[in-house]
Amino acid sequence: MNQGIDLKSSGAIVLALIDIINENRAYLSEIDGAIGDGDHGINMSKGFSQCREALLAKAELPGLAEALDTLAMTLLEGIGGSMGPLYGSFFMGLSEALAGHAQLDAALFGKALAQGVEAVESVGNAKVGDKTLMDTLIPARDAYQAAIAGGADFPAAIAAMLEAAEAGWRSTKDLQARIGRAARLGERSIGVLDAGATSCFLLLQGLGKGVVSRLA
Amino acid sequence: MNQGIDLKSSGAIVLALIDIINENRAYLSEIDGAIGDGDHGINMSKGFSQCREALLAKAELPGLAEALDTLAMTLLEGIGGSMGPLYGSFFMGLSEALAGHAQLDAALFGKALAQGVEAVESVGNAKVGDKTLMDTLIPARDAYQAAIAGGADFPAAIAAMLEAAEAGWRSTKDLQARIGRAARLGERSIGVLDAGATSCFLLLQGLGKGVVSRLA
Amino acid sequence: MNRVINHPDLVVEDMLKGIVAAHPELQATPDNPRVIKRSCAPVAGKVGIVTGGGSGHEPAFLGYVGENLVDAVAVGEIFSSPTAKSFFDAMKAADGGQGVACLYGNYAGDNMNVKMAIKMAERAGMTVRTVVANDDVPSAPKGDEAKRRGVAGEILMWKTAGACAALGGSLDEVIAVAQKTIDRTRSIGIGLSSCVIPAAGKANFHIEDGKMEVGIGHHGEPGTNVADTVSAEQMAKIMVGTVLPDLPFGRGDRVAVLISGLGATPLMEQYILYSGVEKALSEAGVTVAVPLVGNFFTSLEMMGVTLSVLQLDEELEKLITHPCASIGFNRK
Amino acid sequence: MNRVINHPDLVVEDMLKGIVAAHPELQATPDNPRVIKRSCAPVAGKVGIVTGGGSGHEPAFLGYVGENLVDAVAVGEIFSSPTAKSFFDAMKAADGGQGVACLYGNYAGDNMNVKMAIKMAERAGMTVRTVVANDDVPSAPKGDEAKRRGVAGEILMWKTAGACAALGGSLDEVIAVAQKTIDRTRSIGIGLSSCVIPAAGKANFHIEDGKMEVGIGHHGEPGTNVADTVSAEQMAKIMVGTVLPDLPFGRGDRVAVLISGLGATPLMEQYILYSGVEKALSEAGVTVAVPLVGNFFTSLEMMGVTLSVLQLDEELEKLITHPCASIGFNRK
Ligand SMILES: Nc1ncnc2c1ncn2[C@@H]1O[C@H](COP(=O)(O)OP(=O)(O)O)[C@@H](O)[C@H]1O
Ligand SMILES: Nc1ncnc2c1ncn2[C@@H]1O[C@H](COP(=O)(O)OP(=O)(O)O)[C@@H](O)[C@H]1O
Ligand SMILES: [Mg+2]
Ligand SMILES: [Mg+2]
Ligand SMILES: [Mg+2]
Ligand SMILES: [Mg+2]
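Protein sequences appear in the order of chains U, R, Z and H.
Take the first sequence: its position 38, counted from the start at 1, is 38 in the UniProt record's numbering, and no numbers get skipped.
Take the second sequence: its position 86, counted from the start at 1, is 86 in the UniProt record's numbering, and no numbers get skipped.
Take the third sequence: its position 41, counted from the start at 1, is 41 in the UniProt record's numbering, and no numbers get skipped.
Take the fourth sequence: its position 309, counted from the start at 1, is 309 in the UniProt record's numbering, and no numbers get skipped.
Treat the hints as calculated values from the structure; they're not laboratory data.
Be a bit skeptical, because a hint or two may be false.
The following residues of chain R were derived to be distant from chain Z, with all beta-carbon distances above 10 Å [what the hints assert, rightly or not]:
{"hint": "1", "residue": "Q3"}
{"hint": "2", "residue": "A12"}
{"hint": "3", "residue": "A107"}
{"hint": "4", "residue": "E118"}
{"hint": "5", "residue": "A152"}
{"hint": "6", "residue": "D153"}
Computed footprint of chain H on chain Z; a stretch qualifies when at least three of its residues, placed anywhere within it, have a C-beta under 8 Å from a C-beta of chain H [as the list claims (entries may be wrong)]:
{"hint": "7", "stretch": "33-44"}
{"hint": "8", "stretch": "47-59"}
{"hint": "9", "stretch": "104-110"}
{"hint": "10", "stretch": "221-228"}
{"hint": "11", "stretch": "253-265"}
All residues carry an ideal CB built from backbone N, CA and C; glycine is no exception.
Can you build the whole structure from these sequences, using the hints too?
Here is the structure:
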């Protein structure tokens, strides 16, 4: 334990993320439909599917860093609106942190997560409580880092991250949107989950599971 | 009897025609509303009122020929669509026939009526049975001329004209429009009177009364 | 229906105030506010080009008064012919001493008012000749062309005749060009919704959701049939399929294509239609030399589109691509 | 809602097919069909002008690609920002070696995608600078101008910056002109009906008959208030009354006025509004030097109007009256 996973052979984690988005396409759009324009699942699935094609077009499946870069670039190429740049920055941040490394250990994961979250923050300028994917992302990063600081090992820190991510995601139900399309609804945006926070939780979950399963 | 009326002092007949149109403004629009666009009274009243202003602006009320010419010109100036040229031609035809005469007798009235009707026909190209003002106008002219040919005196010929005008007007109720806005309704145009035929009957009635009252 | 108007009976007056305020190159004539002319008209030595028609079709008709186009226009009430006097006053305003070409559309009211206006013009010693546009195929069967309405094809006739006059053409030449243009133009409209005349307050025809009226006129005149809506590509096929055989157009023809929205149909959709029209034409061996897409001839906020196709020859292609400038039509 | 489309998910693709078919002077870039550029772009030695935004606003944005205007545009889905890659590709397509000015509107998605595009452009060694239009007064209070949306004022910025670039201006000069233009421009919209995104199939906001939404955004963003409809003259007073004090404009100012219909509002009504606007401005001592009226920046078939007023100085008046040619904007 605690050692880490081999990055070169872990590109399939990105394929798993793509599956998660495609499986939840209808669910994500349904959530977005309540207070947004009902296309979050469509948007995400469009970009992630393009990434699958890009990955499968390569001679062999690249390592995790390059696969994440491919995901980032296809999102920036394939979906406009807010999701392209937000998730594009997130995965680009992750990828850039991993680049040049052979192993992903707890420290590098913490660094990558921080870098990804920072990239999203800098492009989107949303804060915790705005009812966006930041409500999932920021508590997740904070919990991960607190766990590591508290001496937790890699799997335990990931478990802490996912617990916080889930709590953050669920917290969006009672929030009033202050950013994005739902903001125009004012108080009427309270009472339903945020679509981006939902996809973000699902993606972190996929990422965490992919890492943990390879740590065994 | 049989002699005729003084034209120079009969310009007020046109004022009477203007009153008739203004009094029937709502009625004419209502009829037009059933199968047309509901503006016949408005259109007519707009043009006829402009004529009143033009007549009252003159130093003294002109004779009948000139008053009819003023009516024709203000209609051609004041109302577009079909009514301007149709009634404009009618009154211009009447006026041109009367011009240069001092007296209006039965023969001249017949000539003027024929000239007015012919002018309308040549500009509008409608026939009896098309559900237009021609359904009033043509039977009226024909009846007048038949009466004269049959030896009737001036008032009797006018009475014959009005009887035929009324019958022609009423006949439009069961006709299907073949011309004008109502034509687009096809069979649905059957069952209501034609607006132009209605105003035409009212105008002929006003003209006839104006002449007969002056014959006494 | 929420509108940007002051009084429903004064929409034309109020529009004209805005037009002359916004366009110093246009003026109302001194004694008839219902005639809009180029500020520089009449142009001495040039054949005058006149048109006119009901309002509610903007930028038609007044939006085609401009450089190398129309000199003066008679402005009617909404969907109603201008008065005979306005047509006459427009003729006077356009008459630069070489005669006037009055180029208008085939509607009962317009025919009558122009006829009366010409009487007035003759009395005033003017030379006026007319060409009556009858480009709307569905409005009467082949063989009965004289009964057909004039629709957006009028614009093509103003364009070529306006250019001909600007290039120094005589009245005979201008009339010949206008007549040739309209003789070689065929149009068709598809209606997708009705529109409401402000003074009337309610639509006087109706098109249901999911239905389209093929062959509809600019005032809601009934078309040849009401059908279920189809894709833009199918619409293009129907329209091209109506227009081509009527002239007929043939393989190798070069054409000008004018697609106009009827008011509320977004420009996006007009270009979607154009793509289908161009495809259908090229399948028929017809080349689009001059494509024109936009709100050229509308019917208030009606939804729908019209297609006009003009068979070019060398002369017409030169004239239609000649520069022009106006509210509705600009070409460098 | 009856539409002229093939498939609701492909309206942008299909529109672009029509655009490039109808306009040989425009092209899609070879590897990105969502970038439309002047066929002659990049123009060597000229600063490139780029913009972009969601579709459904036609003729914005692609209708301003043209002579002395925009060089390349990134095209998004309906009412949704183009991708970062498209903005980047537009920058590449416009880059004539003197740098690129990316002049766009203040929307979250556009901000983010342009930001990412600039990262890509920097990696590629390009020089790109931006000006973000924020002319829509009702979208945030005074003092919070950075939060305001960009609306039709963007067109005025493209116009002056495009002219400046065409006249040989450096990137610094072009950026300064664009920034000055938008700093001196104030806009407001009034919505009278909603519109329907084809893929959504139903409106996502609603305006009742007899009501107007003052300060509405181009995507139905809520305005400052929903009120009973008033006359066009009253609307003009409300709009002018919102716009003038915000800059503030003052007596003696010369301005450019741009009135745009939102899609379904007839041109007739836009001119009726213009008449009221001109009156209200002249009562405030403000002279309209450059009036522009038409469907410049729409929202599908929304009913309503926007007003943009630009305070001119000598430089801006020269640039705004400079000739230009494109689908949406022509000036001789
Ligand atoms: N500035 C932002 N920062 C972070 N997340 C954002 C921001 N703006 C919007 N979002 C997220 O975007 C989600 C909606 O995404 P999506 O439906 O795909 O895009 P759109 O709103 O353009 O239709 C919201 O649920 C919210 O979580
Ligand atoms: N060609 C024609 N000849 C004679 N009368 C006509 C003709 N066309 C229309 N009409 C008459 O016009 C009347 C309608 O007039 P009005 O409502 O004022 O004009 P519009 O139809 O333009 O609204 C019809 O009732 C009909 O009698
Ligand atoms: Mg969306
Ligand atoms: Mg959404
Ligand atoms: Mg009527
Ligand atoms: Mg009428």
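Verification of the hints:
no.: 1; hint: Q3; verdict: holds, 34 Å
no.: 2; hint: A12; verdict: holds, 25 Å
no.: 3; hint: A107; verdict: holds, 27 Å
no.: 4; hint: E118; verdict: holds, 14 Å
no.: 5; hint: A152; verdict: holds, 34 Å
no.: 6; hint: D153; verdict: holds, 36 Å
no.: 7; hint: 33-44; verdict: violated (count 0)
no.: 8; hint: 47-59; verdict: holds (count 4)
no.: 9; hint: 104-110; verdict: violated (count 0)
no.: 10; hint: 221-228; verdict: violated (count 0)
no.: 11; hint: 253-265; verdict: holds (count 3)
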